[in-house]
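Asks: Order-wise, the sequence lines are chains A and B. In case it helps, the numbering used here puts the first sequence at residues 66 to 249. In case it helps, the numbering used here puts the second sequence at residues 1386 to 1634.
Worth flagging that the hints you see were computed from the coordinates, not collected in a lab. The structure displayed is predicted, hence computed values, not measured ones. All residues carry an ideal CB built from backbone N, CA and C; glycine is no exception. Where hints are given, some of them may not hold.
Stretches of chain B that chain A covers, calculated by requiring three or more beta carbons in the stretch to come under 8 Å of a beta carbon on chain A [as the list claims (entries may be wrong)]:
1. 1416–1429
2. 1444–1455
3. 1589–1597
Ranges of calculated distance between the beta carbons of each label pair, as one might list FRET restraints [what the hints assert, rightly or not]:
4. A:E89 to B:E1622: 40 to 50 Å
5. A:N170 to B:E1589: 33 to 43 Å
6. A:I227 to B:E1408: 36 to 46 Å
7. A:N223 to B:E1589: 30 to 40 Å
8. B:A1551 to A:E89: 53 to 63 Å
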Amino acid sequence: MSRRAPPNKETFDKLLLWLNPDREQAAKKYQTIQFRLIRIFAAKGCCDPEDLADQSFNVASLKVNWLLENYVGDPAHYIYAIAKKIFLEQLKPNPVVAPLEQPDNTELERRSTCLDRCLNTVTSQDERQLVIKYHAKDKQEKIRTRRKLAEELGITMNALRIKVCHIQARLRPCIQECLELLDE
Amino acid sequence: MALNNNDQTRIRDYLLGKLSEDEQQKIEERLMVEDDLFQELEVSKDELVEEYYANELSRDENQWFERNFLASPEGKQRYALATALGQLGASTLPTARPQTFFERLQNLFRQRSWIVATSTAAVAIVIVGAVFLSRSPGQTAIGPTLASNIHNREQGTLPTKFTIPANASELKIRLLLPANVPPSANFRAELDNKTEIQSVKVVEHDPEGVWVQVPVKLLPRGEYSLKLVALTPEGGEREIPGDYLFNIE
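The following block holds chain A by itself, in its conformation from the complex:
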């Protein structure tokens, strides 16, 4: 639960204005900043990065009149600075983190079933084949296989990494949802 209250409509409108005078662009900017904060603070092991991002915007809203008149620069930097302070506030000195359990064969089967389902539902046939080929080999063969795959597609290795990353970004929520349904 957020410890800072969300802004009222008037303040929120001002916050959007501060992000960009064009309301549509402002909404996009808001989403981009929010998404990046969530991803960065997840990388730091934050267990509730969404709440941290919301709180950061709430704090910025409190100062929006000042920001509108005085702030120079990209608003993303300012909101990041707030987020970092909030993150440090809630940081525990030596957090106890349970080691990640290796899934057993039953769990692997469940995940594999969900992967099959999601490959069939959220990817095209070409994308499906690409992901399967990309992951089809083990350590020794992996690099060679991927290089060959990039050559076949006429793209750089980096473009291939990004392409697969985008497909996997669609698979992840699908798999999570599928696993939750299997749990029911």
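Given the coordinates of chain A, assemble chain B onto it according to the supplied hints.
Replies: Just chain B now, with coordinates in the frame of chain A:
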């Protein structure tokens, strides 16, 4: 701003906790405003989770990554995908048992014909052998006979419950037809698991009913409905009213 040669390494070091406080802050400030760098972060997360699962990180890297990114909800979500994808490269399976490997090969053989097409003849022979071996314990189980819920609703019948035998790889289910279906019709069937609808094989039919065969892997415990469509000789389709409901226990 375009990425420079060091950025890929910096992002990797950032995710593995190898940067100083100042360096971390600088990279995070850039991540907030540089699209290419942020993209690199996303790609690197996937790759590191993959390496973590394949035990390719050093002990320290492993520990740091586990205590930080993998402790977040996003990290856990990425790990779930990595473990599923890890099975596509069979030797990365940490606790692989022979049956699973054969099942994987069987699936590849059945569903991903492009892999088979690009394999050498020798590999194909091994796969065929593996499929043969893996099929032998898997049998086709005869499942319940179901009537459409349109016809049994009046009687207040609940979905039929069925437990799949442990050695079954396919389940054969009989769907009773209503009286007014033309005898010359063929059929197609769909399985609805509440998340998605998938076609299933119609293996035979007679004037009273249709047999469908469903791979057991599509039937984890839960509630399902089958939908039947009659295909007329003129090329038309007619949906059989109602659903054939059943529960797998």
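Asks: Any hints from earlier that this structure breaks? Give me their numbers in increasing order, please.
Replies: Structure breaks hints 3, 6 and 7.
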